Amino acid sequence: MPLHGPTSHSFVSQRLRLHYADWGNEDAPPLLLVHGGRDHGRSWDWVAERLRKDWHVIAPDLRGHGDSAWSPDGHYDITAMIYDLAQLVNQLDVEQVTIVAHSLGGNVSLRFTGLYPEKVRKLVAIEGLGPSPKVLADRAQTPFAERWRKWIADKRTAAGRLPKRYATFEDALARMKAENAYLTDEQARHLTVHGISRNEDGTWSWKFDNHLNVWPFNDIPQAEIEQLWAAISCPTLLLYGADSWASNPEKDGRIAHFSNARVVEFENAGHWLHHDQFERFMGEVTTFLAE
Numbered sequence: 001m002p003l004h005g006p007t008s009h010s011f012v013s014q015r016l017r018l019h020y021a022d023w024g025n026e027d028a029p030p031l032l033l034v035h036g037g038r039d040h041g042r043s044w045d046w047v048a049e050r051l052r053k054d055w056h057v058i059a060p061d062l063r064g065h066g067d068s069a070w071s072p073d074g075h076y077d078i079t080a081m082i083y084d085l086a087q088l089v090n091q092l093d094v095e096q097v098t099i100v101a102h103s104l105g106g107n108v109s110l111r112f113t114g115l116y117p118e119k120v121r122k123l124v125a126i127e128g129l130g131p132s133p134k135v136l137a138d139r140a141q142t143p144f145a146e147r148w149r150k151w152i153a154d155k156r157t158a159a160g161r162l163p164k165r166y167a168t169f170e171d172a173l174a175r176m177k178a179e180n181a182y183l184t185d186e187q188a189r190h191l192t193v194h195g196i197s198r199n200e201d202g203t204w205s206w207k208f209d210n211h212l213n214v215w216p217f218n219d220i221p222q223a224e225i226e227q228l229w230a231a232i233s234c235p236t237l238l239l240y241g242a243d244s245w246a247s248n249p250e251k252d253g254r255i256a257h258f259s260n261a262r263v264v265e266f267e268n269a270g271h272w273l274h275h276d277q278f279e280r281f282m283g284e285v286t287t288f289l290a291e
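By the count of the UniProt record's numbering, the sequence shown reaches residue 291 at its end, each step adding exactly one.
By construction, these hints were calculated from the structure, which means they are not laboratory data. The model shown is predicted, which means the values in this text are computed figures rather than measured ones. We put the beta carbon where it would ideally sit given N, CA and C, even for glycine. Be careful, since some hints might not be right.
[Stated by the list, open to error] Using C-beta positions, here's what the derived DEER-type ranges look like:
| no. | residue 1 | residue 2 | range |
| --- | --- | --- | --- |
| 1 | 153 | 24 | 42 to 48 Å |
| 2 | 161 | 77 | 17 to 23 Å |
| 3 | 189 | 160 | 29 to 35 Å |
| 4 | 186 | 53 | 18 to 24 Å |
Using the sequences and the hints given, assemble the complete structure.
The following block contains the structure:
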């Protein structure tokens with residue numbers, strides 16, 4: 001199926017110029033597609049193509065990703081990304097948005113929705129709750145100062161690491177395929193085309209900032225994150241892949257913090273279930289959005 005591409009736009013948030021793809025149909029209800037870590041907004045193209053007739057689809061590139069600017073200090077705190085999302089919604093001049101988001105984008109969108117429940121009509125979050133209770137408990141066994149020192153060491157290493165250069169586009173494409181065995185050749189090529197740029201010497205590098213590989217060592221307290229989840233009033237769909245590393249909130253207890261959410265698990269799918277099981281994903285999402 002040929003994809004009819006969007007137009008390219010930008011907005012300013014905390015002095016950074018951030019990019020988003022706009023699929024048109026401005027008279028339709030606004031729908032934001034928010035990608036995950038080390039990804040880009042054009043990874044939603046197949047989803048946008050299906051939804052563009054009924055929705056005004058906007059797919060932002062998070063800071064440090066895609067065609068958005070990198071943070072000058074290499075620091076990517078989730079609170080800054082939530083501000084960016086709030087700034088985008090504000091600049092779109094709309095009363096409400098519907099959000100479909102993946103992983104890091106899901107984490108950002110869930111917290112944004114808890115902060116501004118009146119702003120979100122419906123929310124779909126693909127594996128967006130962050131670390132499982134078990135991971136958090138294991139992490140807490142390491143003294144805080146030790147985690148802080150490790151973060152400093154990792155940041156210093158990231159600062160000295162040059163972006164990976166691939167001799168050919170095909171080399172980068174092979175890396176994309178190795179990351180997710182469920183991808184078709186068409187999907188892998190499309191994701192690589194929009195996720196990579198060519199260097200002056202003819203090599204290729206991913207667009208995302210290397211510093212995104214070092215997640216901040218601290219976050220707001222988990223109890224306060226759970227309060228944000230509890231504040232979400234709109235219907236919420238939480239999607240999980242059975243073959244993913246992510247923990248299903250129905251099985252680990254986190255679903256109890258939501259007042260209006262349900263979980264759907266996808267067989268034969270990993271973390272990128274919207275790619276791995278595209279037709280089933282679209283069926284679940286379109287039914288949910290139409291309810």
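Here is what the structure says about each hint:
Between residue 153 and residue 24 the beta carbons are some 47 Å apart, a value that agrees with the proposed interval 42 to 48 Å. Between residue 161 and residue 77 the beta carbons are some 20 Å apart, a value that agrees with the proposed interval 17 to 23 Å. Between residue 189 and residue 160 the Cβ separation comes to about 32 Å, which falls inside the hinted range of 29 to 35 Å. At about 22 Å, the CB distance of residue 186 to residue 53 agrees with the hint of 18 to 24 Å.
In the structure shown, no violation is registered for any of the earlier numbered hints.
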